[in-house]
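Put together the whole structure using the sequences plus the hints.
Chains as they are written, first to last, in the UniProt record's numbering: chain A, 1 to 161; chain B, 1 to 161; chain C, 1 to 161; chain D, 1 to 161; chain E, 1 to 161; chain F, 1 to 161; chain G, 1 to 161; chain H, 1 to 161; chain I, 1 to 161; chain J, 1 to 161.
Keep in mind the hints are simulated off the structure, nothing from the lab. Even glycine gets a Cβ: it sits at the ideal position worked out from N, Cα and C. It cannot be assumed that every hint is accurate.
[Stated by the list, open to error] In the DSS-like style, the derived pairs of lysine-lysine whose C-alpha atoms are separated by at most 25 Å in a straight line are: (1) E:K143 with F:K29; (2) C:K121 with C:K143; (3) G:K143 with H:K29.
[As the list claims (entries may be wrong)] Derived DEER-like restraints, expressed as beta-carbon distance ranges: (4) H:V148 with G:E67: 30 to 40 Å; (5) H:K38 with G:D82: 26 to 36 Å; (6) I:D70 with D:D60: 55 to 65 Å; (7) F:G123 with G:D34: 50 to 60 Å; (8) B:E8 with D:D60: 54 to 64 Å; (9) F:G123 with H:A59: 51 to 61 Å; (10) G:D141 with I:Q35: 56 to 66 Å.
[Claimed, not checked] Stretches of chain J that chain I covers, calculated by requiring three or more beta carbons in the stretch to come under 8 Å of a beta carbon on chain I: (11) 57 to 66; (12) 109 to 121.
Number of protein chains: 10
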Amino acid sequence: MSQAVPSEISPLAQLPPICSKLLEAKARKGWTFDQVAKVIGKDEVWVAAAFYAQAKFTADELRKVSEALDLPSAQALSEIGDHWWPNRGIGPTPPTDPVLYRLYEAVLVYGTPIKAVIHEKFGDGIMSMIDCKINVDRKADPKGDRVVLTIDGKFLPYARW
Amino acid sequence: MSQAVPSEISPLAQLPPICSKLLEAKARKGWTFDQVAKVIGKDEVWVAAAFYAQAKFTADELRKVSEALDLPSAQALSEIGDHWWPNRGIGPTPPTDPVLYRLYEAVLVYGTPIKAVIHEKFGDGIMSMIDCKINVDRKADPKGDRVVLTIDGKFLPYARW
Amino acid sequence: MSQAVPSEISPLAQLPPICSKLLEAKARKGWTFDQVAKVIGKDEVWVAAAFYAQAKFTADELRKVSEALDLPSAQALSEIGDHWWPNRGIGPTPPTDPVLYRLYEAVLVYGTPIKAVIHEKFGDGIMSMIDCKINVDRKADPKGDRVVLTIDGKFLPYARW
Amino acid sequence: MSQAVPSEISPLAQLPPICSKLLEAKARKGWTFDQVAKVIGKDEVWVAAAFYAQAKFTADELRKVSEALDLPSAQALSEIGDHWWPNRGIGPTPPTDPVLYRLYEAVLVYGTPIKAVIHEKFGDGIMSMIDCKINVDRKADPKGDRVVLTIDGKFLPYARW
Amino acid sequence: MSQAVPSEISPLAQLPPICSKLLEAKARKGWTFDQVAKVIGKDEVWVAAAFYAQAKFTADELRKVSEALDLPSAQALSEIGDHWWPNRGIGPTPPTDPVLYRLYEAVLVYGTPIKAVIHEKFGDGIMSMIDCKINVDRKADPKGDRVVLTIDGKFLPYARW
Amino acid sequence: MSQAVPSEISPLAQLPPICSKLLEAKARKGWTFDQVAKVIGKDEVWVAAAFYAQAKFTADELRKVSEALDLPSAQALSEIGDHWWPNRGIGPTPPTDPVLYRLYEAVLVYGTPIKAVIHEKFGDGIMSMIDCKINVDRKADPKGDRVVLTIDGKFLPYARW
Amino acid sequence: MSQAVPSEISPLAQLPPICSKLLEAKARKGWTFDQVAKVIGKDEVWVAAAFYAQAKFTADELRKVSEALDLPSAQALSEIGDHWWPNRGIGPTPPTDPVLYRLYEAVLVYGTPIKAVIHEKFGDGIMSMIDCKINVDRKADPKGDRVVLTIDGKFLPYARW
Amino acid sequence: MSQAVPSEISPLAQLPPICSKLLEAKARKGWTFDQVAKVIGKDEVWVAAAFYAQAKFTADELRKVSEALDLPSAQALSEIGDHWWPNRGIGPTPPTDPVLYRLYEAVLVYGTPIKAVIHEKFGDGIMSMIDCKINVDRKADPKGDRVVLTIDGKFLPYARW
Amino acid sequence: MSQAVPSEISPLAQLPPICSKLLEAKARKGWTFDQVAKVIGKDEVWVAAAFYAQAKFTADELRKVSEALDLPSAQALSEIGDHWWPNRGIGPTPPTDPVLYRLYEAVLVYGTPIKAVIHEKFGDGIMSMIDCKINVDRKADPKGDRVVLTIDGKFLPYARW
Amino acid sequence: MSQAVPSEISPLAQLPPICSKLLEAKARKGWTFDQVAKVIGKDEVWVAAAFYAQAKFTADELRKVSEALDLPSAQALSEIGDHWWPNRGIGPTPPTDPVLYRLYEAVLVYGTPIKAVIHEKFGDGIMSMIDCKINVDRKADPKGDRVVLTIDGKFLPYARW
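Right under this line is the structure:
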C-alpha cells in the first residue's frame, strides 16, 4: 500500500519538495526516525529536523539516507545538497496544533522562571539554541508514560566591550 | 544596601504586587531560588514560577517562605492565598529578551521534529504541560558549561468518543 | 485575615473598580459563587460573569448581593447600577492562561466539526451566545473527576429577505 | 446529481486532499455525520473532527468508513493512514464565520467566569481538551429549538515539583 | 463581448468557484442584482450576499437563478446546493478598499455611541446580525445623491440564568 | 444616589476626562441621550458620539448641555472647547463587545455585497462617512422589537484626473 | 527583446491578470505612464493607478489605451470593463519597500501635525481621498533633484445631525 | 477661560509632558501654528511637528516660542532642549482617526502608482522623508475649498557598491 | 549533478522567477557571490542583494552575469531589465530564521543605544539605508572566527523648514 | 539649567527608573557616552546599552559611573545591581522612529543577502548577537559624513547530534 505525504499543506508547503519525498519514503519503509538516524549515526530528533529542512545533511549523509530509503539520491542532492542552506522556522505562531502549543505554553508560563534560574546559575547570558542538542525520551510510569524532553545548550555569556 | 525590584515594569506590572516584594526580600537575603525551594521541599524552577505568580503556593508554604525571607506573611496570604488562582502566561510574544527568545526559537525550529518523534514513540496525543516537571541544570564542560533544561511531562493520548 | 484582590492587573484593570471589591468581599466571607448565586436565585457561572462585569445585575440583585457580602450597596449601585451597561469581552486573545486557552483550543480544533454538525441538525444559522445558559459541573470519575461544561443556546436561523 | 466539495478553499485547502473526498462522498450518499459515526461506533462530532483531519481514524475505521461511503479505501489509507498524524487547529483566528465566532465569543465573555468556577470546584488545574468528549444535541423548545453543546473534559491538577 | 470575473483574486479566491461563474453570467446578461432578485422574490443585497457565498440559496432558487442567467444549474447545485453551508466572512480586516473601510470606520467612530443608544432604548442585549435585513437605497438629493443603508435587526435581550 | 462612570476603563481611558463627567451628569439626571439632544436640537446618536468625544460640540452647545446637566460649563469648554478637535476611533479592533462585534460582523459578511450594490446603483465611488447621518430606531414587532439602524451618507464619486 | 512582467508576485498576484499584460505592453513599447496618459487626456499618476487596478478606465479609454499599446482590447474590456469595480488597496502594511515605506513614515511622523493644521485652517473635517488629485513632479535642484508629491483633496466638513 | 490639553490621552501620553503645555499655551493665546511659526521663521507644519515632539527646536527657538506663548522657557529647555532627541512616529497604525486614515489610504491606494512614476522619472531610489518639506495649503474652490498637501523630498538614488 | 533552487518557497516565491534561475546557475557553476561580483566589479553582498531582487543590475551587468553563469541573458533582461524596479523587503517579520533573527535582535537590543550614539555624534538625523554600503567579512580568531558586518551609510540631517 | 528625562514615555517607561536618572545625570554634566565609557574602560555603544538597561554593569562599574555623574550609587546598586538581570528588547516593532526603522529596513532588504554570504563564507550557522561587539563611528566625507556601524560577532556553527 502506498503512503502519501501531501506536499501542499502546512508545514511542507513552505519546504523544498524533497521533504515530502523523504517522509513518504520513510513511511513506505515503515521506519522510525531512529532507524533512519542509525544509518548515519545521528539522533532521531536531529534527523527529524533535517527531514523538515530545519537542519542540514552532509552530501554523504544524504546519499546514505536516500539509499537506505530506496530513494535515488539525485533529487535530494539537487535540492538540499551542499549549495542549500536551511531557512529555519516553520509553522504558524502561535502554533495551533496542541503538541506544538504545549511547548509554546512552556515558554509563556515557565520562560521567565527558567530565565531567572539560568541567570542565577550562570550569570548574564543565554542558553545557545545553535550549539544545542535536543532529545525526546519515553519514560515508563505506572500512572502513564512520560515524555522527557531535554534541551542541552551551551551557556553563552554576554560580551562586554 | 537595599535591593529594589521595581514593580511597574514587565513582567511584574502584570502580577500581584506581592511578587516584587518576594523578589526583593529574596534579593535582600541574597538567596538563590534553590535556597528558598529547600525551605518548602520544592524545586527551584517551580519556586521561581510561584514567585512570578505562575504557580500557586499553599498557605503553609507561603507562611514558611515569608518567614524565611523575613517578610510578614500577611500580605502574601492576603494577595496570593487560598482565594487566589494564577493567571498564567507572562511577557510579550514573541519574546524580545534573548534568553526567552531562544526557548521560543526552539519551538519554531525543533517543534515540528519533536512533534514527529513524540507521535512515533507514543501515538496520537500530547506531552502535558500541566502534569509536568521542569528542571534547569548546570553541566560542566571544558568547552563551556552547558544549560540542561529538562521538561518531563505525562503523555496524554487523545480521547476518541 | 484580610483578602485582597489587586484591581490593577488583568483582567480587573479593564473593569469597574467595584469588581475587585465584590471579589474581595466574597473572598473575605469565604463564599463560593454558588453561595452568592443562591441569594438571588441565579446560577454560579452567571454570577461569576456579573462579578467580572460581563453580565448585568438588577438594582435589586445588587442590593441583595452587597448586603449578603457585608458590603455597602452604594458603591455597587453607583458604578454598575441601572445606568451602566457591560462592555463585554476580557483578557488577551489568544488567551495565555492555560484554563482559558483550552477553551480557545476547543474552537480551533473542534469549532469546524461543531459547525458542521449544527448545520446538519438545524440548517443555516447559529447557536446564540446571547440567549444562552452556561453551566460548569463536577462529575465524579474513578479515573479523575471531570469538568462538564454545557452551553445551551437558542438556534437562530439566518433571515432571508 | 453530483456533489462537489471544492478542496481549494478554507479550511480544506489546509487539509489532506482526502478530506474533501470524504465530505463529497458523504454528500453524495446524503448521509449525516451520525450515520457515518454509527458505522464505526463513534460520536458524530468526533467523526466530523476526523473528516476535517482534526482526529485520527484507525486503519480499520478508515476502511469501514470508506466502504460505507462507496469510496476506495486506498487513498484514505495512503493519505491519513497509520503514518499520518493530525496537524490540529484550522481556520482563521479570530474566526470570521458567525457560527465559529459565537464559540469564540463564549471564551471572550464567559471564559474568565468559567475559569473562576472551575478553580472554585476543582482547585488549581485545567479542563483537559485532550481527554475530552464533545457533543452537540438538539433540544426541542416551543420558543425555538436549542443547541446544547457539552464539553466533558478530565480535570488535570497542576503538578507541583 | 465576453465578461470575465477572474476567480483567483480576493475575495473570490476564498469562495467556491461557482461564485465567479454566477457573477460572470450576470455580467454577460448585463443584469443588476435587483433583476436577479426579482426572479426569486428576494432583495438585491441578499442576492449579492448569496452570489458571494455569504448566504444560502435553496435548491429551487439556485435552479431559477441559473436558468435566468443561462447557466446550467448542475454546477451550482453541485457546489453550493443543499449539502453546502456558507463559510461567512470575507476580505481582509481591516478592509483596505475604501467602500468597505467606510463601513468599518462607522464601527470605529459611531459603534460606541450606537451601543449606548441601543442600551438606552432596549436594555442589555444586542441587535441580531442573524435575524436581520439589510437594504441599500439611492436617495436623490440636489447636493449629491445619497446612499441610505438600513440594517433592521431583531433586538435580543441577554439571557439571565 | 450618586452615579459614577469610572474614567479609567475602556473606552473612556482614551478620552478627555470631561467625557466621564458628562456621562455621570447625564446618569445623575436620569436623562436619555434623546433628552440631551433636544436641548440643542440634535439627534441622540450624534449627541452620544459627542459625549464619547467622537463629534464636536460648538461652544454654545457645550454651554447649553452643561447647564442642562447641572454641570459647570468651564471644564467642558476648557477640555473640549473650540481649540479641541476629536481624535476619532475608539475601542479595540476587532471589537470584543457583542453589540459592537455584530456591527463589525455586518462588514465581514455583508460588506462586499453592499459594495457590489452601491457600485451598481451609483458607479465608482463610496458612501461618505463624513457627510453622513446615523439613526437608531426602535420598531415594534410582535415577534420581538427590532433595532433599525440607518446610515445615510452622501455618495462621493471617485475623481479622475 | 521581450519584456515580461511576472503576474504571480506582489502586488500583481492580487490583481486581474490584465494588469500585468498592460504593464508588459507598456514596457514593450518603452512608453512612460505620461505617454499613455496623453492618449486619453489624463494624468500619469492616475493612469498608473488604473494600470494597477486602483482606478477605473471607461470602456472608451480602455479601447484607446489597448490600441495605443498594440494590445487587443477584448481582454481588457472582458476583465476590467464596465461590469468591473476596483477592489482598492494593495501591498503589505506596513509596506516593506522603502519607496512606499517613506510615504507611510510621512503618516507616522507628520500625520498628527498635518491633522492639527488642517483643523486649524478648515475646522472639523477631513481631506477627501476620493475627490482628490495626486501629482508627482521632478523639480531640478543643484543639490539633487527633488520629488514633489502633491495631494489636492476637497475638504469635507463633518456632518452634524 | 482656561484651555486644557489633557496629557494622558493619545498621542500626548507618548510624548514629553511639555508638549501638552505648549499646546495649552498656544490655545490660551488663541494662536495658530502659523503665528507661532512666524516667531521663529519656520513653516506651520514643521512647528506643529515640533509641538508634537516630531521635530527638534533649537534652544534659541525654544526660548522664543516659550516667551511668545507666555511660558517660562525652563521646562521646555529642560525636557526637549539640546540633550533631547525626538523619538518619532506617533499614534496607532493603522490610524483610526479619519483625517489620519485618509493619508494612510493614500499609501494603500496610490502608493504603488506613485512608486511606479517616481522610478520612471528618477530611476532606482526613493523620495527622502528626512530631507523633505511638507506644506498644507487652503485652496479656494466654489465647489468646496480644497486641502493641498505638498511633500517636497530630495530624490536619493540607491547606492551600488 | 544538477542543482535545483525551488522557486515556490520563501523568499523566492515572492520574487521574479529569474531569481531562482540565477541562484541555480551559480550553484551549478559552484561559484561564490564574490566570484560573480568580480565579473562586474561589485561587492558580494550587493550582488547577493541583486540575485534576491533587492538591488537592480544594469542591462550591461545582467548580460555579463548571465554570460558568466552560462545562462542566456534574454530571460534576465526580460524579467529584471531596464523596465523593472525592485520591490524591496522580503521574508516574514519578525524573521524566524536564526541568522536573520539575530540581525533583528540587534535592532531590538542595541537599536536604541545606537540611535543615542548617532544623535550624540551627528545631531538630529538618520543613517541612510539608501546611500549605504554593506560588507560581510570573515575575521580569523583563535577562539572561533568572527563575522564582521559593516554598514556604512551617509548621515542625513533632518530638514527644518 | 536642569535637564529632565521624563521616565514615563517610551522606551523608558519599560525600564527601571534608575535609567532616566542616569540619562538625566549625564545630560546635566553635558557628557557624551564616550566620556562615561572612558571612566570604566568600555565602548560608548555598550555604555549606552547599559544606560537603557540592555546590558549589565558590574557593581564596581555602577559605583564609578554614579560617582562620575555626581549621582549617589545607592539607587543604581539597589535597582540594577548584582541581583538584577536585563530584560532585553525595547521599543515597538516594527520601529516607528526613522533612525531605528532604517536598521530594521537593513534586515528586510539586506538580511537575506547577508545570510547567503555568511553561509557561503562560514557554512551552516549564525553570527552571534551575544558574543558580539558593536561600534558606531563617524567617517568624514566631503559629500556628507558617514555613519559606520560595525557588528563583530562570533560565528557559531550549528550543532549536529
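Against the structure, the hints come out as follows:
1. Our distance criterion of 25 Å between C-alpha atoms is broken by E:K143 and F:K29, whose separation comes to about 40 Å.
2. With a C-alpha separation of about 33 Å, the suggested pairing of C:K121 with C:K143 is violated against the 25 Å cut-off.
3. Simply put, G:K143 and H:K29 have alpha-carbon atoms about 40 Å apart, too far for the 25 Å limit, and the pair is violated.
4. Judged by the Cβ atoms, the range 30 to 40 Å given for H:V148 and G:E67 holds: they are separated by roughly 35 Å.
5. As the Cβ distance of H:K38 to G:D82 is approximately 53 Å, the hint placing it in 26 to 36 Å is violated.
6. Checked against the hint of 55 to 65 Å, the C-beta distance between I:D70 and D:D60 comes to roughly 56 Å, which is consistent with it.
7. With their beta carbons about 27 Å apart, F:G123 and G:D34 fall outside the hinted range of 50 to 60 Å.
8. Against the hinted window of 54 to 64 Å, the Cβ-Cβ separation of B:E8 and D:D60 comes to about 60 Å, which satisfies the hint.
9. The supplied range of 51 to 61 Å is met by F:G123 and H:A59, whose beta-carbon atoms lie about 56 Å from each other.
10. Between G:D141 and I:Q35 the C-beta distance comes to about 40 Å, which lies outside the given range of 56 to 66 Å.
11. Interface restraint, the stretch 57 to 66 of chain J with chain I: violated (0 residues with C-beta to C-beta distance below 8 Å; minimum three).
12. A count of 13 residues in the stretch 109 to 121 of chain J with a Cβ less than 8 Å from any Cβ of chain I is obtained; the coverage claim is therefore met, three being the minimum.
Violation of the numbered hints given earlier is confined to hints 1, 2, 3, 5, 7, 10, 11; the remaining hints are satisfied by the structure.
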